[in-house]
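Number of protein chains: 2
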Amino acid sequence: MKILGIEHIGIAVNQIDERKDFWEKVLGIKLTGQENVESESVETAIFDSDSGKIELLESKNPDSAIQKFINKSGEGIHHICLKVDDIESAIGELKIAGISVIYPVPKVGAEGFLVTFIHPKDTGGVLVELAQEPR
Amino acid sequence: MKILGIEHIGIAVNQIDERKDFWEKVLGIKLTGQENVESESVETAIFDSDSGKIELLESKNPDSAIQKFINKSGEGIHHICLKVDDIESAIGELKIAGISVIYPVPKVGAEGFLVTFIHPKDTGGVLVELAQEPR
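Same order as they appear, the protein sequences are chains B and W. Those letters in the first sequence? Residues 1 to 135, per my numbering, in order. Those letters in the second sequence? Residues 1 to 135, per my numbering, in order.
Do not rely on the hints blindly, as some may be mistaken.
The list treats identical chains as interchangeable, and a pair is accepted whether it falls inside one copy or across any two copies.
What the hints assert, rightly or not - Lysine to aspartate or glutamate pairs mimicking EDC-like chemistry, simulated, CA-CA at most 16 Å apart:
no., residue 1, residue 2
1, Lys2, Asp85
2, Lys121, Asp21
3, Lys25, Glu93
4, Lys25, Asp122
5, Lys60, Glu35
6, Lys60, Asp17
7, Lys20, Asp122
8, Lys107, Asp86
9, Lys2, Asp48
10, Lys121, Glu18
11, Lys2, Glu24
12, Lys2, Glu38
13, Lys95, Asp122
14, Lys2, Asp50
For the record, the hints were derived by calculation from the structure and aren't laboratory data. These figures come from a predicted structure and were not determined experimentally.
Hey, can you work out the whole structure from these sequences and the hints?
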């Protein structure tokens with residue numbers, strides 16, 4: 001597979017409005033989008049440095065993965081996302097390497113990317129998202 | 001301040017040798033350096049995607065920040081590092097915003113970068129490193 005770079009870092013927050021000023025005003029990273037991602041029951045705010053994004057994630061459902069993460073660990077880094085050229089072929093290569101992904105059929109994530117996740121047990125404690133840009 | 005992008009994501013591991021294959025062989029991200037960073041009592045291995053790096057961090061001292069992190073939380077994402085154009089001016093701007101950094105005088109980190117850190121209490125649970133490329 002071809003990893004094209006770090007697409008974003010996903011950060012779980014209680015409230016986007018409470019945390020966005022640090023990234024946007026203090027660090028001066030441009031807020032380029034805010035949207036609901038129904039498939040993950042989250043609201044996202046995306047700050048684009050032009051070389052990797054910061055994605056704040058606020059839960060919209062008490063049963064969402066983000067809310068469960070915050071209940072257990074508090075606010076903080078939830079996952080990293082790597083951009084791939086072809087997500088189907090990446091999933092196939094991972095399968096050959098004995099690594100299963102959380103969505104064997106990629107889902108549509110924020111900004112229309114096709115995404116899946118590799119479980120932390122296979123990476124050394126890191127939830128790794130793979131994302132292919134919409135075509 | 002000018003944030004130039006995500007420089008790297010720092011991941012605490014028990015042993016680099018145990019974890020490097022996932023990043024290098026499975027994901028195919030090029031290993032571009034391995035070095036001891038005396039100032040942080042760690043060994044680092046750096047995988048460069050050409051658009052953001054993954055930095056594995058192995059403690060070389062039971063009192064290091066990385067070992068304390070692993071003792072508390074296990075292996076996983078330890079910090080994110082943002083590249084800045086001018087670290088002295090970034091530290092000055094943060095001070096004006098009421099945010100103190102962990103090293104008011106930047107230290108020399110991996111690959112000769114000048115670095116400091118913003119405490120998670122000021123960011124929403126994320127340890128944020130700022131780094132200026134060596135000139």
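* Under a CA distance limit of 16 Å, which applies to Lys2 and Asp48: within one copy, between copies, both, or neither? -> between (22 Å within a copy, 13 Å between copies)
* Asked: Within a copy, between copies, both or neither: where do Lys25 and Glu93 come within 16 Å Cα-Cα?
  -> between (41 Å within a copy, 11 Å between copies)
* Copy assignment of Lys2 with Glu38, given that the CA separation must stay at most 16 Å -> Neither: 28 Å inside a copy, 33 Å across copies.
* **Alpha-carbon proximity context of Lys2 and Glu24, limit 16 Å** => between (31 Å within a copy, 12 Å between copies)
* Homomeric proximity label, Lys121 with Asp21: Cα distance no greater than 16 Å -> between (34 Å within a copy, 14 Å between copies)
* To do: Check Lys95 against Asp122 for me: Cα-Cα at most 16 Å, and say if that holds within a copy, between copies, both or neither.
  => within (12 Å within a copy, 40 Å between copies)
* Which holds for Lys2 with Asp85 at a C-alpha limit of 16 Å: within a copy, between copies, both or neither? -> within (6 Å within a copy, 29 Å between copies)
* To do: If the cutoff is 16 Å on CA atoms, where do Lys60 and Glu35 land: within, between, both or neither? Let me know, please.
  => within (12 Å within a copy, 43 Å between copies)
* Please work out whether the CA atoms of Lys121 and Glu18 approach to 16 Å or closer within one copy, between two copies, in both situations, or in neither? => between (32 Å within a copy, 13 Å between copies)
* Go through the copies and call it for Lys25 and Asp122: within, between, both or neither, with a Cα cutoff of 16 Å. => The answer is between: 13 Å across copies meets 16 Å, while 37 Å in one copy does not.
* Please work out whether the CA atoms of Lys107 and Asp86 approach to 16 Å or closer within one copy, between two copies, in both situations, or in neither? => within (14 Å within a copy, 40 Å between copies)
* At most 16 Å between C-alpha atoms: does Lys60 with Asp17 qualify within a copy, between copies, both, or neither? -> Within. Shortest intra-copy distance 14 Å satisfies the 16 Å Cα cut-off; inter-copy 40 Å does not.
Of the numbered hints listed earlier, the single one contradicted by the structure is hint 12.
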